[in-house]
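A.B. asks: The chain contents come next:
Number of protein chains: 2
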Amino acid sequence: MPKKPLILVTNDDGINAPGIRALIEVLTDIGDVVVVAPDSPQSGMGHAITIDSTLYVERVIVDNDKQIEYSCSGTPADCVKLGIREVLDRKPDLCVSGINHGSNSSINVIYSGTMSAAIEAGIEGIPAIGFSLLNYKWNADFNATKPYVKIISEMVLKHGLPNGIVLNVNIPDLLKKDIKGIKICRQAKANWVEEFDKRKNPQGRDYYWLTGKFVNLDHGEDTDEWALEHGYVSVVPVQFDLTAYHYIKNLNSWNLND
Amino acid sequence: MPKKPLILVTNDDGINAPGIRALIEVLTDIGDVVVVAPDSPQSGMGHAITIDSTLYVERVIVDNDKQIEYSCSGTPADCVKLGIREVLDRKPDLCVSGINHGSNSSINVIYSGTMSAAIEAGIEGIPAIGFSLLNYKWNADFNATKPYVKIISEMVLKHGLPNGIVLNVNIPDLLKKDIKGIKICRQAKANWVEEFDKRKNPQGRDYYWLTGKFVNLDHGEDTDEWALEHGYVSVVPVQFDLTAYHYIKNLNSWNLND
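Listed in order, the protein sequences are those of chains A and B.
Mapping to the working numbering: the first sequence position 209 is 210, numbers consecutive.
Mapping to the working numbering: the second sequence position 21 is 22, numbers consecutive.
One thing to keep in mind: the hints can contain errors.
Because identical chains cannot be distinguished in the list, a pair is counted as satisfied if it fits within a single copy or across any two copies.
Here are the simulated lysine-lysine pairs, DSS-like style, with alpha carbons at most 27 Å apart [what the hints assert, rightly or not]:
| hint | residue 1 | residue 2 |
| --- | --- | --- |
| 1 | K147 | K250 |
| 2 | K201 | K92 |
| 3 | K250 | K190 |
| 4 | K199 | K138 |
| 5 | K181 | K250 |
| 6 | K250 | K151 |
| 7 | K159 | K190 |
| 8 | K92 | K214 |
| 9 | K199 | K92 |
| 10 | K190 | K92 |
| 11 | K181 | K147 |
| 12 | K5 | K92 |
| 13 | K159 | K67 |
| 14 | K159 | K5 |
| 15 | K159 | K250 |
| 16 | K5 | K67 |
| 17 | K151 | K177 |
| 18 | K178 | K151 |
| 19 | K181 | K159 |
| 20 | K147 | K159 |
| 21 | K138 | K178 |
No wet-lab data here; the hints were simulated from the structure.
With these hints in hand, go ahead and build the complete structure from the sequences.
C.D. replies: Structure below.
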């Protein structure tokens, strides 16, 4: 019998989030699953790592499914680093992060702890995927996401991914019958327009809550936002070589050494 | 007399760091400088934002130069968001982050709070630069960086930058006479090989410190690592559209909808 693939699972909503439970349920059917996930929610952590503080990781049992689980005091990127170096005894065949409670489409990829974990695995040369559902609620229904988690994870195990590329998968918050299929997309040029909610604390000092409105001015029909609005699961290949190659020639024409 | 450019300055080492003081000293000569910087060090914060906690920002006087300064309880990305929406009365002409105490070349751009601030400004459509010196010490000598901060900032003010691109500038830790000039580069394919330092706390519980070795297996002579090793200031144009466009066709050939 061929060896089952080893799958490292993490997320940014914390090890007890329903989203990671749905992910584990699907992945234990296709591989040996080891979970190393944050012990508390880490949303909006971007690609933070813990360099000025200590890290704890400990074996935990959250449910009685087949996976082995570790809870970690660090960020999603820390979980992947610790999982690879200290927890697993061999390099995993796949790293899957999520399922995030809320969208990581378009510019959200930059702020996303879910995607930072997938990117961290990609940096380590491990095929990696981040999954997100467009429903930020704790009690969101993840049932419709499961067939998509399964097929995309299986296909990444089958085809692999080239060095330097991970997948950002977002799933619309629809019933299974209303999801139209999967679309390979580019990241939409959309962003948040922040609106700070200014308040006074009981001592009279001003403080702010970050809030904002998501604005998509990108009318392309090849974007993740378009796909999601039209009922498709979006898959964006994401790279972590951030070089804007097309602009190198322009910068050289500035003659900065003259 | 033409209006002086408005320059928003931030960093990730905190408002009292010598690196940001060097930056302010140079930039007050070429524009009106407003500083909105973290009240404490934020290194390794990646593109973290504060969504589950409150933010404070308050006017402070750190030295008696010409800039106006605000200290903020948030991350570098928070500082830029708050600076633009709540502190400044018009859109800045330039945002400059740094000078970081330590390298943000190659893969470090992903973990960098300094660069997350520049990228946040870029998302807001503001020309932006992150500067870093290859010396992580608090008492590093920033004198040799100053002419490079000046020329690169002036050139960005003159030429602008297209939407979606910011500059990642790293400066070797050399005497002024030993720096050979400026090179436009791509991000080297280098990364950290983590080594966790495992210890026991006084209660007998295992914990870890994240440490690691930087490994550059990229032998290209057009990379930021090559430039820095050879005594040049490296300038990498960085984009935050992370789409790996060249891989979209391959993914389509997987026929995920069959």
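A.B. asks: If any of the earlier hints don't hold here, list their numbers in rising order.
C.D. replies: none
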